[in-house]
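Can you make the complete structure from the sequences, with help from the hints?
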Amino acid sequence: MNKIDPVCGMEVDESTQYKTLYKGKVYYFCAANCKIEFDKDPEGYLKSGPREMH
Amino acid sequence: MSEKREKLRIVGMHCATCVNTVTKSIEKVNGIKGVSVNLATGYAEVQGDFRLNEVVESVRKAGYDVETQEIRLRVNANPEESPKILSAVTTEGVISSHLNSATGILSLLINPQEISSNDLVGMLSEYGAKLLNSDKAEVTAIKKDMNSMVYSLIVASLFTPLVLFYQYTGNYIYAFIFSVPVIIYSGRRYFRGAYRALRNRATDMDTLVSLSVSTAWIYSAINLVKGGVVFFDAASLLVTFVLAGKTLDAYLRYRISYVHVPHFTARLSTGETVDADQVNVGDIVIVKSGEVLPVDGVVYGGTGEIDESILTGESMPNKKKKGDPVTADSYLVNGYLEIYVTRSRENTYIAQLVKAVNDAGTASVGIKRTVDRIITYFTPAIIAIAILTFFIWYMIVPLSLALLFSIAVLAVACPCALGLATPLAVLVQVRKLSKKGVIVRHGDALEKAKHVKSIIFDKTGTITTGELRAIPVTVINESAIAMAAALERLSSHPVGRAISSLSKVEMNVSDFTEFMGEGVMGNVEGHSLLIGKKDFIQKNCDKTMDGDIIVCIDGNPMASFLIEDEVRDGVKELIDDLKLNYDVLIATGDSSSFADDLGKELGVKVIKGLTAQEKAELVKSRENAMFIGDGVNDALAIKQAYVGISLRSGSDISKQAGDIVANSLIAIKFIIDGSYKLESRIRENLAWAFGYNAILVPIAAGILYPIFYLPPQFAALAMSLNSIAVTLWSFFRP
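As you go down the protein sequences, you meet chains S and B in turn.
If you're matching positions, the first sequence starts at 1 in my numbering and goes up one per residue.
If you're matching positions, the second sequence starts at 1 in my numbering and goes up one per residue.
Calculated from the structure, these hints are not laboratory results.
From a predicted model like this one, the values you see are computed outputs, not experimental measurements.
Backbone N, C-alpha and C define an ideal beta-carbon position, used for all residues, glycine too.
A couple of the hints might just be wrong.
Simulated crosslink set (DSS-like; lysine-lysine; CA at most 30 Å straight-line) [unchecked claim]:
(1) B:K639 / S:K19
(2) B:K534 / S:K25
(3) B:K28 / B:K608
(4) S:K40 / B:K450
(5) S:K40 / B:K534
(6) S:K47 / S:K25
(7) B:K608 / S:K19
(8) B:K639 / S:K25
(9) B:K534 / S:K47
(10) B:K436 / S:K40
(11) B:K639 / S:K23
(12) B:K450 / B:K436
(13) B:K543 / S:K40
(14) S:K40 / B:K539
Partial list, computed: chain S residues near chain B (C-beta under 10 Å) [claimed, not checked]:
(15) C8
(16) G9
(17) M10
(18) K23
(19) A32
(20) N33
(21) G44
Encoded structure:
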């Protein structure tokens, strides 16, 4: 099933190795860099949505 | 440099975040005026006055890759020509170029979007260099070149005695006739070389030899008509001696400096015996007691004891049974093995090692660049000295004698020894280290090792064996350990393996999810379990407890573990020794208390809890830092280090980062020692090469005349013997 990367807004497959658990919910990322960005400010991304989209 | 525009293919970009990261990484490079990165096509267009290698490096440090292509060409040229050849290939699209003047191997790293290997071959052909681009063609060509030298030498050796006989018996016409094949046939390679150098506005050994031969010969031919002194003997002997010396030198250098992949046959399970090169992945090869393994693979049947000292330096044989990996070129002491081939011969460890050793000599170590600049001025200076010698002596002695002095100056000067001094020294040290299990991929890293100020070690798998143990510290609910063990059984992470070994109780596990570098989650017997590092638990379980790894069941911490690791043998002694001269640190991603205890035990500072990126930044922040770590997981820090060393895990060295790949920690001492030796050997070789020229050029110019006089033919002999001496001294010095 596809999920949305909270950092860049891309669709990501659930089978990705780039994921994290935050407050009991799993978030999926397209690549390591998005996960690093999310870990820096999870609340920010969850409140304002994907930032890096152009 | 001038402003340029280059297109690069970036590998590993997924989204807009990646585009930002790549753009920022390129913008950081000096001289960049504009960057545009396209996610859809995967291309980056870079504009400005920049160095391409810095762009590639910066993108790689940001965690992405740039498509590059490695090209190896063998260039047939004199050692002193290397600066010219390197400048001929310094063009857009070339990331780096190294030329080993001892073996003639030119290694280029290019951006295939801007230039192709055909373009480069074209540019080099235009320069006049003969090129070969495969190892087999290379060996054939070296042999062909050597054969042509031998034929030339045979002709010269047959006709020169006749020239001498007629010259000394006063039959100058016959002396002239018999000197023609010597000069024209045997000497043609020097005239051709001189012409090529001239076309490229350069001068080299060929220029000096052909100038001296042609001056002597043409002057004699004119005097034959006009009536005067002739020296067909000197001209012919000059060619013969130079050829004899150079043929021997080429042979020696080929035999000694070129490491060959040993040739083997393999016995297949079908009963057929084939050349080891013909074995394919998936074949079954049979090895009997006392035989050498021809391929890399996995034991498929049988058992045996294998001596792997060629890989590990450890001569105690290891027992191998079904499923164990085995490596080519190790030796089956006793037993019988059926081996399932996993890697073809050309990709075996030993083949990669040979390639690495052959390539390492192409490094352009700092001092070589200085020497290369000197070489550029060397031959013009010799020609000037020869002209000056002629005019000075012309005022004192007859014209013919003055001419002989100046010919002797041209014949005695030896730029080759200068060109060979550095690469031969690098080659010898790299080969010596390879025998101790250290693979030097970039010779310049070896030169840099002596300037290292701090040494940073990775912990897990480097200082320690990496075989972790989990020790329960707080246990609220006894069943938590069994539940954690059951869940971790599904993980392949070393911490997971350590926890799973604590209990063998079978439980129902579902919904297992692993979060890389953080922890695992799943349902065990209907309970929701979360196992992970403290901050991971804190984020998701609200509460936490002391320990390295916490087990949270249904939202409550129920147990915690300390994670410990075993220190490798000999580490304490090594670190105590290194601490005397270096600032020693341990950098680890592990945030457990074991890391602190380890630091106390070894007496070094430990910086813990670092991500791969933070490790790399730490390494970068230290001046001249050497980093030693696992070649796969610590690739980033290894690349950032002034000297990056990876400890070999497995036999595929091509997948590992690092300028140097070592098989044990003790190798650090060999590397540092090798670095000091390299410097002293380069100095010795250069002192020899400069000393030789400084002493013999004035003697040839007649400074000791009439007490001692060096005729041109013996000057030429001394010149060619000098190259041989540098080669032999480099390889056989005690």
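Verification of the supplied hints:
For a cut-off of 30 Å, the pair hint linking K639 (chain B) to K19 (chain S) stands: about 26 Å separates their Cα positions. For the hint linking K534 (chain B) to K25 (chain S), the alpha-carbon distance of about 17 Å falls within 30 Å, and the restraint holds. In summary, the hint linking K28 (chain B) to K608 (chain B) is supported, as the alpha carbons are separated by about 28 Å, within the 30 Å threshold. Straight-line distance between C-alpha atoms of K40 (chain S) and K450 (chain B) comes to about 39 Å, which puts the hinted pair past the 30 Å bound.
For the proposed pair K40 (chain S) and K534 (chain B), the alpha carbon gap of about 17 Å is at most 30 Å, so the pair holds. In summary, the hint linking K47 (chain S) to K25 (chain S) is supported, as the alpha carbons are separated by about 15 Å, within the 30 Å threshold. Restraint check for K608 (chain B) and K19 (chain S): the C-alpha separation of about 23 Å stays at or below 30 Å, so the hint holds. For the hint linking K639 (chain B) to K25 (chain S), the alpha-carbon distance of about 36 Å lies beyond 30 Å, and the restraint is violated.
At roughly 25 Å between alpha-carbon atoms, K534 (chain B) and K47 (chain S) fall within 30 Å of each other, so this suggested pair holds. Proximity of K436 (chain B) to K40 (chain S) is assessed by CA-CA distance (about 45 Å); at most 30 Å being required, the pair is judged violated. Distance restraint check for K639 (chain B) and K23 (chain S): the Cα-Cα separation of roughly 36 Å exceeds the 30 Å cut-off, and the hinted pair is therefore not satisfied. The straight-line distance between the Cα atoms of K450 (chain B) and K436 (chain B) is roughly 19 Å, inside the 30 Å bound, and the hint therefore holds.
For the suggested pair K543 (chain B) and K40 (chain S), the alpha carbons sit about 21 Å apart, so the restraint of at most 30 Å is met. Annotation: proposed proximity of K40 (chain S) to K539 (chain B) holds, straight-line Cα distance about 13 Å (limit 30 Å). Hint status for C8 (chain S): holds, given a least beta-carbon distance of 4 Å to chain B, under 10 Å. Hint status for G9 (chain S): holds, given a least beta-carbon distance of 8 Å to chain B, under 10 Å.
The criterion of a C-beta within 10 Å of any C-beta in chain B is met by M10 (chain S), whose closest approach is roughly 5 Å, and the hint holds. Interface hint status for K23 (chain S): upheld, as the beta-carbon distance to the closest one in chain B is roughly 6 Å, under 10 Å. The beta carbon of A32 (chain S) is positioned within 10 Å of a beta carbon in chain B (closest approach about 6 Å), and the interface hint is therefore held. The closest approach between the C-beta of N33 (chain S) and any C-beta of chain B is roughly 5 Å, which is under the 10 Å cut-off, so the hint is satisfied.
With a cut of 10 Å, the hint placing G44 (chain S) at the interface with chain B is violated, because the nearest CB-to-CB distance is about 14 Å.
Going down the numbered hints, you'll see the structure goes against 4, 8, 10, 11, 21, while the others check out.
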